[in-house]
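So the protein lines, in turn, are chains A and B.
Quick note on my numbering: the first sequence kicks off at 1 and runs consecutively.
Quick note on my numbering: the second sequence kicks off at 1001 and runs consecutively.
Everything labelled a hint here was simulated from the structure, so no lab data went into it.
Remember, it's a predicted structure, so these values are computed and weren't measured experimentally.
Don't take each hint at face value.
Listed below are the simulated PhoX-like cross-link pairs for lysine-lysine, each with C-alpha atoms no more than 25 angstroms apart in a straight line [claimed, not checked]: (1) B:K1061 x A:K147; (2) B:K1103 x A:K25; (3) A:K147 x A:K296.
Facing chain A, from chain B, some residues (calculated, C-beta under 10 angstroms) [as the list claims (entries may be wrong)]: (4) V1015; (5) R1018; (6) G1065; (7) D1113; (8) L1116; (9) V1150; (10) E1158; (11) V1168; (12) E1170; (13) L1189.
Here a beta-carbon is modelled for each residue, glycine too, at the ideal position from N, C-alpha and C.
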Amino acid sequence: MRRTQDEFVAERQPAWNELAALLEKKRMLHRLPPPAIARAAALYREICSDLMRARGAGYSSDVVDVLDGLAARACAALYSAPPYRLAALWELVAFGFPQAVRRNVRFVALAAALFVLPGVLGFVGASRSRGFAVQIMSEPMVAQMEKAYGEFGRGRGAGTDAMMTSFYVYNNVGIAFRCFATGILFGLGSIFFLVYNGLVIGVVAGAVGAAGHGRNLFTFVAGHGAFELSAIVLSGAAGIAMGYALVDTGQRTRWASLRAKSGDLFRMITGAALMLLVAAFIEGFWSPSAILAPVKWSVAGALYVLVLCYLVLAGRGAHRGGRA
Amino acid sequence: MQLDNTVEVETPEHVRFRFRAAGPTRRAWAYLVDLLVRVGALLALEIVLALGTGYHLPMAKAVMGGGTLLALFLLEWGYFVFFETVWNGATPGKRALHLRVVKAGGYPLSFMDTVLRNLLRTADFLPVGYLLGLVVMAWDGRFARLGDRVAGTMVVIEDPVRVAPPIVIEPPPSTVEIEAFPHHVVLPLPEREAIDLLLRRRDLAPARRQELAQMVAPALGARLGVQVGDPVRFLALLHHVVAGVGASVRPEARKGRRR
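Here chain A stands alone, though its shape is the one from the complex (with noise of 0.2 angstroms):
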């Protein structure tokens, strides 16, 4: 004869409330000294029995799900990897993010003329023309760009440069995430912002040259710009890489094909923030300094060739980071 439910659940709920105890004390198992976590796999052992018991029994709803329940918790503590380290920020740094950059060079390269050729378009056209740049932007927004840059050079207080080191990871940072987002879209939102953010650049570059401020604007743009433009390109280049995951899936579905690339996603535009960062803190603090020109271009010139320097470089000899 086999035993009812309720002889059943009197036996063996013991054993499910002491693994629900040794679950909820700590969230994660394996800080827990190695007796309990050697005990807290045979509960979790015993307990899918129970549940295979508990089905096969048609035992009432409420015993199955408390079982389905607790065998899920256990499992899930029992197999995971700890969900943050913070050397992984490290690895990132030192050979994940360049390697994955590197991984991806088509995109890369694609992003980055998706970029500079609408910059270039709209420098010229600019430059040449008032009116061109007015069709891109609105004419307040050309003036004041215009009147911006044209009393330029002073350097500011240190409260305006925090602020606007805010106002930089805020808005910019905010660019980046966004673009890389919108790639889901088969690609299409990134390519838009990156062709959008490169136009309007390069007419506000030519706008303010044809006024007669470019040395100003180049002056202070030259620090950060090598830590921010090619920031934009990569977090854009990511995004056209999640788009076109889902067009060439390589045998797999297409969310599977996603997925498989989600690891050089999380790289890229876990770097690309981190740049934004360093850029933030460029442009809030070095870029509107009073320090003279010559010396802003040649540090300038020294961190265009860093940047270039790391994402070709960094992280050669390492083994491929983690998951891929």
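Dock chain B against chain A, hints included.
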């Protein structure tokens, strides 16, 4: 395709767990709670900044502006990532609605997963009010929005459940009462579950339990050829007899068993 929102996950030991995937309504409520939390946090910060700096000081504007922008950035892009990482897939809103984000295999999500699924909110939001996300969700048994697809995650319901108390027959069944039933009683599973539920529910007043039992007991008694006295006691005895026989579940009755 089934209308059920149960997701079955198989572990390395070939044990299958069932999760209940959370639908858009419940997730929208959780989102609303999170939105209120974020707005509240921003308001609190504004008040602290305003009081801390004083409006008239020259630095006040910069500190207010800078602090607000930084807070906006962190709340917009960091809020979900932060809570889903430290609370193992839950945020204040999800916790309030008993929701949790897990990997499609039932595992806890990693930092990478939460970053990707929350960055993709921007795309899910398009063109307005998570419309695209809603359409994509409707496509999938797990209600995965775009962010969930990229990260390989799902949102599951974790309603607290407890094992119901055992059924106690008072006074204990006599041999005569047991003997009155046929030797081998077989009930289809839905009937067994109904009787089980009627006897175990905590929130049923005795009079109502009596009333409900009166509706089914005579029919069952007539079918089994047993004299029905007190209907609740009759059902309890029937349950006892059936449970004593063991797993008297007809295979065909089990097939349709789904919550």
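>> Just to be careful: measuring from the Cβ of V1168 (chain B) to every Cβ in chain A, is the smallest value less than 10 angstroms?
In response: At 9 angstroms from the nearest chain A Cβ, V1168 (chain B) passes the 10 angstroms test, so the hint holds.
> Close enough to count: is the Cβ of G1065 (chain B) nearer than 10 angstroms to one in chain A?
Replying inline: holds, 5 angstroms
>> For the restraint on E1158 (chain B), tell me whether the closest CB of chain A is nearer than 10 angstroms.
In response: holds, 7 angstroms
>> Just to be careful, I want the Cα atoms of K1103 (chain B) and K25 (chain A) compared with a cutoff of 25 angstroms; is the pair within it?
In response: holds, 22 angstroms
>> Let's test the interface hint: is any C-beta of chain A closer than 10 angstroms to that of L1116 (chain B)?
In response: Result: holds, 6 angstroms to nearest chain A Cβ.
> Quick one, is the V1015 (chain B) hint okay against chain A at 10 angstroms, beta carbons?
Replying inline: holds, 4 angstroms
> Should the interface hint for E1170 (chain B) be scored as holding, given a Cβ-Cβ cut-off of 10 angstroms against chain A?
Replying inline: violated, 14 angstroms
> Can the hint on R1018 (chain B) be confirmed by a CB-to-CB distance to chain A that is less than 10 angstroms?
Replying inline: Because about 5 angstroms separates R1018 (chain B) from the closest Cβ in chain A, which is inside the 10 angstroms limit, the hint holds.
>> Let's test the interface hint: is any C-beta of chain A closer than 10 angstroms to that of L1189 (chain B)?
In response: holds, 6 angstroms
> Taking 25 angstroms as the top limit, are the C-alpha atoms of K147 (chain A) and K296 (chain A) close enough?
Replying inline: holds, 22 angstroms
> Should the hint that V1150 (chain B) touches chain A count as held when the rule is a Cβ pair under 10 angstroms?
Replying inline: Given a least distance of 6 angstroms, the restraint on V1150 (chain B) holds.
> Quick one, is the D1113 (chain B) hint okay against chain A at 10 angstroms, beta carbons?
Replying inline: Holds: closest Cβ of chain A sits about 8 angstroms from D1113 (chain B), inside 10 angstroms.
Checked against the numbered hints listed earlier, the structure breaks hint 12 alone; every other hint is satisfied.
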